[in-house]
Amino acid sequence: MIHNKTMIDQRPAPKSTIGPMAWLRGNLFNGPVNTLFTLVGLYVLYLLVVPTVQWAIIDANWVGTTREDCTREGACWVFVKARFTQFIYGLYPRSELWRANIVFVGFFALIAWLAIPRLPLKRWVAVFALVVFPVIAYVLLHGGHFGLPRVPTHRWGGLMLTLLLASVGMIGALPIGIVLALGRRSSMPIVKSFSVVFIEFWRGVPLITVLFMASVMLPLFLPSDLSVDRLIRALIGITLFQSAYMAEVIRGGLQAIPRGQDEAAAALGMTYWKRMGLIVMPQALKMMIPGIVNTFISLFKDTTLVMIIGLFDLLGIVQAALSDSRWLGFSLEGYVFAAFVFWIFCFSMSRYSQYLERRLNTGHKR
Amino acid sequence: MNNQYRYRGVAGVLAAALLLPGLAMATTLETVKERGALRCGVNAAQPGFSALDDEDTYQGLDTDICRAVAAAALGEGARVEFVPLDSVERFAALQSGEVDVLARTTTWTSSRDTTLGLHFTGVSYFDGQAFMVASDLGVQSARELDGAAVCTQSGTTSELNLADYFRRHDMAFEAVVFDAPEQSIIGFEEGRCDVLSSDSSQLYAQRMQLADPDMAVVLPEVISKEPLGPAVRQGDDQWFNIVKWSLYALLNAEELGVSQTNVDEMLEDDSPEVMRLLGRDGDFGEGMGLNADWAYQIIKQVGNYADAFDRSVGAGSPFNIGRGLNALWKDGGLQYAPPIR
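Going line by line, the protein sequences match chains P and W. If you read the first sequence in my numbering, its first letter stands for residue 73, the second for the next number, and so on. If you read the second sequence in my numbering, its first letter stands for residue 187, the second for the next number, and so on.
For the record, the hints were derived by calculation from the structure and aren't laboratory data. Source: prediction; values computed, not measured. In this text, a Cβ means the ideal position worked out from N, Cα and C, and glycines have one as well. Please note that the accuracy of each hint is not assured.
Claimed, not checked - Covered stretches of chain P, going by a simulated chain W footprint (3 or more residues, C-beta under 8 Å): (1) 231-243; (2) 281-292; (3) 317-330; (4) 372-382; (5) 385-397.
Unchecked claim - Cβ pair distances, simulated, as ranges: (6) Asp322(W) with Phe180(P): 31 to 37 Å; (7) Asp469(W) with Phe218(P): 33 to 39 Å; (8) Pro278(P) with Ser321(W): 43 to 49 Å; (9) Val125(P) with Asp322(W): 30 to 36 Å; (10) Asp332(W) with Tyr118(P): 44 to 50 Å; (11) Leu117(P) with Gly519(W): 40 to 46 Å; (12) Ser321(W) with Ser167(P): 44 to 50 Å; (13) Ser273(W) with Pro278(P): 15 to 21 Å; (14) Trp515(W) with Phe218(P): 22 to 28 Å; (15) Asp450(W) with Val135(P): 54 to 60 Å; (16) Arg329(W) with Ser167(P): 34 to 40 Å; (17) Asp450(W) with Phe180(P): 51 to 57 Å; (18) His217(P) with Asp365(W): 33 to 39 Å.
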């Protein structure tokens with residue numbers, strides 16, 4: 073008998089535990105309190121979503137070129153359309169936009185190349201992106217060489233300026249931050265105290281003050297025949313400010329690596345730079361990704377502060393457009409557009425960092 | 187070691203600290219001519235006074251003053267680099283030489299004129315605090331506002347002027363205070379207050395942001411003096427004269443009936459005032475280091491004061507602000523320019 077055992081065929085799960093209905097019952101309607109919250113939640117969602125969609129899409133005005141074309145109830149996207157070039161490039165001369173376009177295409181192509189794992193030659197592309205591309209971008213945008221007319225920096229603006237400030241700030245702050253973090257953990261007193269003073273000074277001052285000092289006070293102390301470009305002043309201020317924050321994020325990552333790793337490497341006879349470069353930093357940087365991306369996102373949003381020193385970043389140029397007498401009263405459309413663009417960039421950065429964490433996850437996840 | 191160098195460095199800092207240009211430096215006119223462009227400090231976004239249009243240029247009454255100075259100094263009104271300035275930054279930018287002229291809706295007050303190292307060159311717009319009410323209230327005068335709720339902005343002189351005005355006329359009011367003009371207009375539209383009070387130039391701009399601008403009217407009373415005008419650094423009297431007389435040329439042109447459209451016909455006019463204005467009789471630019479046709483260039487490229495006013499804030503603009511105090515003296519206003527002679 074005992075050898076005659078037959079297995080019962082697998083049967084599907086009961087109808088009441090699979091499918092969307094079961095999911096709804098299990099998660100949203102499992103009890104009177106949850107049912108109540110679900111219904112209230114749905115009602116609030118209805119109250120918010122319907123008028124928003126109505127305003128932004130269904131009743132919106134999409135065609136035309138002037139405010140007179142905005143005859144329907146909803147949003148007047150004609151305003152954003154008429155100002156689109158300005159929002160993206162600032163006051164960059166219209167005849168020279170192709171130069172900015174080349175830089176834009178190059179910028180996004182390089183980022184995509186570095187971000188997509190399947191593409192080859194990462195190392196060379198990275199060197200190109202960090203060393204050669206900035207020079208090309210500067211020559212193209214600023215001009216004055218190779219027969220390109222000069223475009224002074226006060227005409228740069230919009231999304232172009234936002235991306236420029238953010239990427240220069242990020243690329244500049246990372247190496248300075250690494251050096252400062254290592255310096256702060258160093259046993260050499262001068263290096264250590266310099267790093268501590270630098271970090272604590274820049275972290276103790278609000279960014280708005282840094283920008284203000286750079287734009288208002290600095291010119292008063294310099295002889296009047298020596299003038300440093302506003303944009304350069306803002307870039308230096310943002311980079312130094314950001315590197316102090318970056319240093320603390322990196323120091324946090326370094327402290328999470330057990331001392332034994334460093335000591336084991338030392339026992340193998342590695343020099344300081346080899347220990348840091350080959351053993352400690354690769355492990356630490358991986359763990360720092362959320363912190364670093366967090367700093368990058370906040371920097372990206374902080375760039376709007378350059379508005380107060382008369383540089384028109386994306387938000388600044390939108391605000392400037394709002395005061396044009398032909399377009400008064402479209403502030404909602406303008407701000408929604410700016411918020412949407414900022415959201416796209418910040419959200420993609422955040423998603424990419426999550427992807428990167430998963431890809432590099434080699435056992436540190438807790 | 188290098189004493190001379192060190193001395194120069196110290197002197198540079200001192201000169202900057204004293205807000206005086208160094209003795210051996212080029213005059214502002216020479217600097218502007220060498221640069222080929224006038225640097226003009228303007229408001230980044232003030233409807234009607236300086237605002238970016240769809241074609242990337244600044245438009246408004248203040249920017250027209252800049253263009254007039256550029257037309258006089260360089261013969262080309264378009265050669266202006268506009269430098270958008272914050273209200274705090276504006277004086278430092280003028281003092282440090284970053285801009286040559288400041289035309290940024292700046293109220294001429296004694297303390298600014300005497301302590302900041304600058305000279306106001308005249309009044310380009312007589313502004314003042316006024317009231318806006320919903321038109322269906324049927325209020326005709328500010329004296330009928332007893333007991334009204336008044337929206338205003340915090341931290342401005344408007345709040346103080348308001349209290350003074352209501353106390354002086356023995357009326358009660360309730361202040362509803364907001365942080366920014368965009369908020370106070372929304373408060374007004376939602377009916378949080380009956381009256382909105384601010385500088386009249388701003389009230390007209392805020393009125394345009396209402397869903398239906400005709401639902402509100404600006405009352406005729408003006409309860410404070412806010413003369414707005416261009417300013418220059420102290421220590422360069424020639425440049426001070428150029429900016430001052432560029433403004434006067436706009437006013438004189440209006441008074442003599444010379445406008446942007448008829449200026450070329452007026453070259454044939456034989457009235458002595460017009461001939462002097464347009465540089466056909468005598469050379470009144472010489473004293474300022476300018477060409478004889480300096481005023482002709484201003485009128486040809488910018489227009490007269492009425493042209494600029496109408497285009498920016500007056501009948502030809504959405505704001506439709508009446509000339510009021512800004513009418514010429516012979517029309518009952520305050521704008522009066524000394525003669526060109």
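Each hint tested on the structure:
1. Restraint check on the stretch 231-243 of chain P versus chain W: 0 residues with Cβ-Cβ distances below 8 Å, three needed, restraint violated.
2. Under a criterion of three residues with beta carbons nearer than 8 Å to beta carbons of chain W, the stated coverage of the stretch 281-292 of chain P is upheld, 6 such residues being counted.
3. Counting residues of the stretch 317-330 of chain P whose beta carbon lies closer than 8 Å to any beta carbon of chain W gives 0, which falls below the threshold of three, so the coverage claim is violated.
4. Residues of the stretch 372-382 of chain P lying with their CB closer than 8 Å to a CB of chain W number 4, which satisfies the three-residue condition for coverage.
5. Counting residues of the stretch 385-397 of chain P whose C-beta lies closer than 8 Å to any C-beta of chain W gives 9; at least three are required, and the coverage claim holds.
6. Roughly 54 Å separates the CB atoms of Asp322(W) and Phe180(P), a value that falls outside the hinted 31 to 37 Å.
7. At about 45 Å, the CB distance of Asp469(W) to Phe218(P) disagrees with the hint of 33 to 39 Å.
8. Distance hint check for Pro278(P) and Ser321(W): the Cβ-Cβ separation is about 45 Å, which falls inside the suggested range of 43 to 49 Å.
9. As the Cβ distance of Val125(P) to Asp322(W) is approximately 33 Å, the hint placing it in 30 to 36 Å holds.
10. Separated by about 46 Å at the C-beta atoms, Asp332(W) and Tyr118(P) satisfy the suggested range of 44 to 50 Å.
11. One distance hint, 40 to 46 Å for the beta-carbon pair Leu117(P) and Gly519(W), is violated here, with the actual separation near 58 Å.
12. Checking the proposed 44 to 50 Å range against Ser321(W) and Ser167(P) shows it holds: the Cβ atoms sit about 47 Å from each other.
13. A hinted range of 15 to 21 Å holds for the C-beta pair Ser273(W) and Pro278(P), which are about 19 Å apart.
14. Distance hint check: the CB atoms of Trp515(W) and Phe218(P) are about 57 Å apart, inconsistent with the given range 22 to 28 Å.
15. Between Asp450(W) and Val135(P) the beta carbon distance is about 41 Å. The supplied range of 54 to 60 Å is therefore violated.
16. The hinted range of 34 to 40 Å is not satisfied by Arg329(W) and Ser167(P), whose Cβ atoms lie roughly 57 Å apart.
17. The supplied range of 51 to 57 Å is met by Asp450(W) and Phe180(P), whose beta-carbon atoms lie about 52 Å from each other.
18. The hinted window of 33 to 39 Å between His217(P) and Asp365(W) is violated, with their beta carbons roughly 47 Å apart.
Of the numbered hints given earlier, the model fails hints 1, 3, 6, 7, 11, 14, 15, 16, 18; all others are met.
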